[in-house]
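*Asks:* Dock chain P against chain F, hints included.
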Amino acid sequence: MQRQRLTDFELMILLAILRVGEDAYGVRIADEIERTGRRSALMGAVYTALDRLERNGLVSSSVGDPTPERGGRAKRFFQVTPRGLRAVKQTQNALVALWADLPQLKERRT
Amino acid sequence: MTGSNPSRLAVAVLRRFLDDNEALAGDLLEGYARRRSRVWLWRQLLGAIVIRSFEPQDEERPLGLAEQRSFQPVRRERPLVQPWRINLTASPLPGIGGLGLVALGALVALVRPEAALIFLPAIGGGLTLGVALVLVRRRGIRWGPPAARNITTAATGQ
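Residue numbers (this note's numbering), protein chains in the order written: chain F, 1 to 110; chain P, 1001 to 1158.
The hints are simulated quantities; they were obtained by calculation from the structure and are not laboratory data.
The beta-carbon is built from N, C-alpha and C at its ideal position, and this holds for glycine as well.
A few of these clues could be false.
[Claimed, not checked] Per the computed footprint, the stretches of chain F lying under chain P, defined by three or more beta-carbons under 8 Å from a beta-carbon of chain P, are:
| # | region |
| --- | --- |
| 1 | 20 to 31 |
| 2 | 34 to 44 |
| 3 | 96 to 103 |
Next comes chain P alone, as it looks inside the complex:
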């Protein structure tokens, strides 16, 4: 699979997930311009997204202060204690929900057809788990850490 330009989808994925790392995004585009291989580009894109998703997020990054944004004080409108939510997507990747995960799986299966044998059962299992969790919630079973419920109850006086 070759082409003179990277596909629109590849560019959109690059902008969505890697645009904050200008050097890496530029290197991927330059590498594609040299090799003209879409397989190479998708392999590099998916690899970079997965590797970055497992990077520790609690590091101090002093260079992040160099972002050219003016400081605007933001008034907190949401309550400090949020209701506990269940992530039905079962996706560890930030910014990827259910449909995004399915799209990512389809892309991987396109590049590596044998990967469909892994993704199809995983998607089926995820959907089954989601339906089961929705059914359990509709039956009125309360989920969530007890401490969070107590704080909410105390704050609302109920």
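Bound-form chain F, shown alone:
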């Protein structure tokens, strides 16, 4: 099986979708990245990454109902696919293995 490589921003988006759950659309995903990930996110960059993830089969999307506060425009809800979840787990395993046993990163106890 081919391993899926993720950029750090793609990984943050996938994790944000998983954290938000069923209500994962652009605004909520960007808010989650900014609040939990402590990283500012341009909405255009979020959508560019989401389109790329969808082309690669890591997320899927569905269109919701239009609302007045959005100027009558519909929301696009995103879900992580099983393939996307596997990619997140693979990335987590790789990062945890790289982090392990690094004395520079161990907390100093006073």
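*Replies:* Chain P alone, transformed into the frame defined by chain F:
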């Protein structure tokens, strides 16, 4: 800079450049409704336009077939070989010409005043280059790829 509604200019820019991405346009309006920050909206708008302008345009987009337009055969009226044109605007953004680029620069300078230090020399350089190209063309120097000129000559029999 805050306000209850986004400025007309911001809405016009959003409709001009981002209206084909309904979800993104709606998210920007919803984000503005929550934050009430025009700086946030302009930052997001300009960022989205710039990011989209650098997206590859030669991708296959099968979902584009879902546009609800009836198919009308169009008769080709323009010749296959177009005369080679020089883009005097020096703008890489689709749909933005000289005045549009100046307006975009002014908007960025409004949000980030220090950006004027970059835009003013760039606009001056662009105008100088445009005037120089016009002067060169008026002196009768032909520009363009040789292959295109040969095809045109062969087609017209000259």
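*Asks:* If a hint holds in the structure, say so; if it does not, say that too.
*Replies:* Comparing the hints with the structure gives:
no.	hint	in the structure
1	20 to 31	holds (count 4)
2	34 to 44	holds (count 3)
3	96 to 103	violated (count 0)
Hint violations for this structure: number 3 only, all remaining hints satisfied.
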